[in-house]
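Those sequence lines, one after another, are chains B and V.
In this text, residue positions in the first sequence follow the working numbering: the first is 1, and each later residue adds one.
In this text, residue positions in the second sequence follow the working numbering: the first is 1, and each later residue adds one.
In case anyone wonders, no lab produced these hints; they're calculated from the structure.
Please read all numbers here as calculations on a predicted model, not as lab measurements.
All C-beta atoms in this analysis are idealised placements derived from N, C-alpha and C, irrespective of residue type, glycine included.
A couple of the hints might just be wrong.
A partial selection of chain B residues facing chain V, derived with a Cβ cut-off under 7 Å [said to hold, decoys possible]:
| # | residue |
| --- | --- |
| 1 | Leu21 |
| 2 | Gly47 |
| 3 | Phe49 |
| 4 | Ser105 |
| 5 | Gly109 |
| 6 | Pro133 |
| 7 | Lys143 |
| 8 | Tyr230 |
| 9 | Leu322 |
| 10 | Leu325 |
As a list, the in silico PhoX-like pairs of lysine-lysine whose alpha-carbon atoms are at most 20 Å apart [said to hold, decoys possible]:
| # | chain 1 | residue 1 | chain 2 | residue 2 |
| --- | --- | --- | --- | --- |
| 11 | B | Lys239 | V | Lys47 |
| 12 | B | Lys295 | B | Lys45 |
| 13 | B | Lys201 | B | Lys176 |
| 14 | V | Lys51 | B | Lys176 |
| 15 | B | Lys239 | B | Lys143 |
| 16 | B | Lys176 | B | Lys143 |
| 17 | V | Lys47 | V | Lys254 |
| 18 | B | Lys282 | B | Lys295 |
| 19 | B | Lys143 | V | Lys51 |
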Amino acid sequence: MPATIPVEKDATKLPGLERELHLLYQMLLIRRFEERASQAYQQQKIGGFCHLYIGQEAVAVGALAAARQDDYVITAYRDHAHVIARGASLNACMAELLGKATGCSRGLGGSMHFFDRANHMYGGHAIVGGHLPLASGLAFASKYRGEDRCTLCFLGDGAINQGAFHEAFNLSALWKLPVAFICENNLFGMGTHVARAASVKEVATRAKGYDMPSMIADGMDVRHMRDTVYTALQAMRKKPHPFFIEARTYRYRGHSMSDPATYRTKEELEKYKQEDPIADFKAILLSEGKLDETKFQELDREAKRLSAEAMRFAEESSELPLEDLHKYTFVDGADR
Amino acid sequence: MREISYRQALNEAMEEEMMRDPDVFLIGEEVAEYNGAYKVSQGLLEKFGPKRVLDTPISEAGFAGLGIGAAMVGLRPIVEFMTFSFSLVAFDQVVNNAPNMLIMSGGQFNIPIVFRGPNGPAHQLGATHSHATEPLYSNFPGLKVAVPATPRDAKGLLKTAIRDDNPVLVLESELLYNIAGPIEDKEVELLIPLGKAELKREGVDVTIICYAQTVRMALAAAEYLAKQGIQAEVLDLRSIKPLDRETIISSVSKTHRCVIAEQNKPFCGIGAEIAFQVQREIFDELDAPVLRVAQEEVPMPYNERLEAAVLPSQEKIIEAVYQVCYL
């Protein structure tokens, strides 16, 4: 058994080969973590809503591999992957799903509200489009302070028709704020196909109305994601301005755990499963001689082991005491 | 002591806090080059430059949310709504993102932000521009709500709000911007705590609880009542949240009668909450049912005579006092 592979704080600093194996390993960690979570949800260990990222792993992993550790990251409610890819422990993430005090939001946020301040992960936000103005604010702060850090803001394709999206796009472009809006276009806003929701044929077109540069990335290809986002961030650091990246991807599970996803065909799902970001990247690395089957199994076993360990940790953790109920309404403890 | 206007008091509060803390900045519609739609931010652009005094597009959800995001990483924005009637298009930002962040993040992110601007009916602005939003925002745990009635309170409460590490709404009033009142000299640091009501006039026969626009009406009513031999105690709440329950309870325990003069609609309004608190705490002390003087329960009409009929007034407060005194 290998020792636990550390989640590298700044993946771009790893030497080439390790860096790529690291991308694969992060995708495996996220996949195995969510498979565990899915089981636990069915066993009713997890309450509320739970939106899985399975199928979309290359987007968060690739994009965040291109980011600096001090860049600000914020996302919507399908947020497990971003927090894990950012470096949070699986233990803290699983504990959050189980509502435990050891969770990344002390069990007070739940699946949709993962936060990790130490890793500059500014949440998990559950009102569609509502976090985009927050992203503009994060970017505003770095510009206000004369810092060259960027903000990466992930959103779903469902968000592109919300008012807050357009207000955030306009303000960010008007004030030249260094924020990369990364739209995870998985084709469905819950059960409504993007073609039935957006007036534009291509999501990326939305940027044109704001004179904002945009790119389209293959969201099933982790290298392409990484390189696209890296290119955008480099340009933004040189000269602050916003960027829009449409990442074309697909989720293999329903919108949330309760969604049987009857709005799409089996054939469509099968087609995208043939483009599985993990299987594809594994095949590429094998063909390039950067990986062998033994090494892959090693990485996968480790991801499964850590996920199982996270579940054990979460189940053994305790909940916040009832006495703490009023501690988080005001930061100074004022209570009414 | 000197006299300044409510508008000038707010301006001084922002100027002093921006001098004191480089993380404080002001954003909103027309706050910079136009010097504020109601001239509250007059001169601030000139003093602090366009980096810290920023005109926004007409985009309330956008700039309110931008402020909250900046506050997540430690800046201390003052977000001006041209009126709180317009805050309603930023409602999700104000009630979901600002107050929920602390608990949702397990205590990792507090939001030190001030939302301020005129609130409540002004003069013939019609239904969309006359909202008194204090009951609305007071219903969200995690938000503090200040309602200054005087220049002194406007300055002291706003300065406190800017230094508060939580989201605070400072609900001003267009009708009060021009009023003048006594205030400490500029050299004196004036901070007024949130959650402390002020006894504006002592009395023994009835307590009139008021805030913001209704304070002047209540004081005028008390003056009139004194001539009739009724000694009314006038209590200015100054902040709705936190609510100074202790002072309310102690005053009504003394007078045994209570009239609440509020500027909002009565249904689920501020008076409803206070009346509940009073009957819950000191039921046996009451010599009469608590009465409310509030707006009529209709959207605001434009017509001047009809608008006046909707609003609380000195006369309506006097009438309510007669009723609780069984006169």
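Problem set entry | Numbers of unmet hints, in rising order | Of the numbered hints given earlier, those the structure breaks are 1, 2, 3, 7, 8, 9, 10, 11, 12, 13, 17, listed in rising order.
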